[in-house]
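Chain by chain, the residues run as shown.
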Amino acid sequence: TQLLEQSPQFLSIQEGENLTVYCNSSSVFSSLQWYRQEPGEGPVLLVTVVTGGEVKKLKRLTFQFGDARKDSSLHITAAQPGDTGLYLCALRGGDGGSQGNLIFGKGTKLSVKP
Amino acid sequence: EAQVTQNPRYLITVTGKKLTVTCSQNMNHEYMSWYRQDPGLGLRQIYYSMNVEVTDKGDVPEGYKVSRKEKRNFPLILESPSPNQTSLYFCASGFRGRSEQFFGPGTRLTVL
Numbered sequence: 001t002q003l004l005e006q007s008p009q010f011l012s013i014q015e016g017e018n019l020t021v022y023c024n025s026s027s028v029f030s031s032l033q034w035y036r037q038e039p040g041e042g043p044v045l046l047v048t049v050v051t052g053g054e055v056k057k058l059k060r061l062t063f064q065f066g067d068a069r070k071d072s073s074l075h076i077t078a079a080q081p082g083d084t085g086l087y088l089c090a091l092r093g094g095d096g097g098s099q100g101n102l103i104f105g106k107g108t109k110l111s112v113k114p
Numbered sequence: 115e116a117q118v119t120q121n122p123r124y125l126i127t128v129t130g131k132k133l134t135v136t137c138s139q140n141m142n143h144e145y146m147s148w149y150r151q152d153p154g155l156g157l158r159q160i161y162y163s164m165n166v167e168v169t170d171k172g173d174v175p176e177g178y179k180v181s182r183k184e185k186r187n188f189p190l191i192l193e194s195p196s197p198n199q200t201s202l203y204f205c206a207s208g209f210r211g212r213s214e215q216f217f218g219p220g221t222r223l224t225v226l
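Protein chains in written order, with my numbering: chain V, 1 to 114; chain P, 115 to 226.
Simulated from the structure, these hints should not be mistaken for laboratory data. Warning: the hint list may mix true and false statements.
To give an idea of the chain V side of the interface with chain P (calculated C-beta under 8 Å), a few residues [claimed, not checked]: (1) Leu11; (2) Leu88; (3) Leu102.
With a straight-line cut-off of 30 Å between C-alpha atoms, the simulated DSBU-like cross-links for lysine-lysine are [stated by the list, open to error]: (4) P/Lys179 with V/Lys106; (5) P/Lys131 with P/Lys171; (6) V/Lys106 with P/Lys171; (7) V/Lys70 with P/Lys179; (8) V/Lys59 with V/Lys106; (9) P/Lys171 with P/Lys185; (10) V/Lys70 with V/Lys59; (11) V/Lys106 with V/Lys70; (12) V/Lys56 with V/Lys106; (13) V/Lys109 with P/Lys171; (14) P/Lys131 with P/Lys185; (15) V/Lys59 with V/Lys113.
Virtual Cβ for every residue (Gly too), placed ideally from N, Cα, C.
Pulled out of the complex, with its shape left as it was, chain V reads as follows (with noise of 0.2 Å):
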């Protein structure tokens, strides 16, 4: 059974414009995580939210953690081509998992066009 379900499973946008994808699980997690892939190499960690409501900024990305902490959310402003990558979510250790095994999300695949 998959814990965490993103959407949209692909988006394909034109730079500059606004894109928010999502992350949602049946289950309250205490903790969050958000990673970009980029084509050919492997995830890197965007960011981790720990308390319901949290928001971080991370230059045109903001992340937003769901009061209830069931769900999660990644907004972009004026995309750029180089925002083009492969989105995911994950959830650490405890939360609906045994300690240490980390589950992801399927991803969100953004495709930002010139």
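Given the structure of chain V, go ahead and fit chain P onto it with the hints provided.
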């Protein structure tokens, strides 16, 4: 440079021929892990290790072995590879108790 390295990066082999994919990190991380990534299935954890001589199964351990004799190395062993193990494999490491994981560049394995 702090990094996770994997070798080989690409491997084509045949069914039943034992192989090992090496993983090494130079960040003194206690935690290391192996994942496979498949289209439509995402990243799934194979095995992980919380410290030297401590390993545990992830979500898809069947057909794989690991060992953690040294802190920096965490090899993935396929004793008798099968075509359903064709995949993109990632090694990752991190400090125990911290959520961030650092991933290697990946190993693309094809089993014919």
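Please verify whether V/Lys70 and V/Lys59 have alpha carbons no more than 30 Å apart. Between V/Lys70 and V/Lys59 the Cα gap is close to 25 Å, so the pair holds against 30 Å.
V/Lys59 paired with V/Lys113 [C-alpha distance capped at 30 Å]: 20 Å, holds
Is V/Lys106 within 30 Å of V/Lys70, Cα to Cα? With a Cα-Cα distance of about 17 Å, the restraint between V/Lys106 and V/Lys70 holds, given a limit of 30 Å.
Would the hint linking V/Lys70 and P/Lys179 be met if the CA-CA limit is 30 Å? Not OK: V/Lys70 and P/Lys179 at ~34 Å, beyond 30 Å, violated.
Taking 8 Å as the limit, does the beta-carbon of V/Leu102 come near enough to a beta-carbon in chain P? 6 Å, holds
Minimum beta-carbon distance criterion (8 Å), V/Leu11 to chain P: 16 Å, violated
Restraint: V/Leu88 near chain P, CB-CB cut 8 Å. Satisfied or not? 7 Å, holds
For V/Lys56 and V/Lys106, compute the direct alpha-carbon distance and say whether it is at most 30 Å. 22 Å, holds
Sort out whether P/Lys171 lies within 30 Å of V/Lys106, counting only the CA atoms. Given pair V/Lys106, P/Lys171 holds - Cα atoms ~20 Å apart, limit 30 Å.
For a C-alpha distance cap of 30 Å, please report whether V/Lys59 and V/Lys106 respect it. Distance ~25 Å between V/Lys59 and V/Lys106 Cα, so the pair holds.
Holds or violated: are the alpha carbons of P/Lys179 and V/Lys106 at most 30 Å from each other? Cα-Cα ~25 Å, so holds.
30 Å Cα cutoff - pair V/Lys109, P/Lys171: 28 Å, holds
In summary, the structure is inconsistent with hints 1, 7 from the numbered list given earlier, while agreeing with the others.
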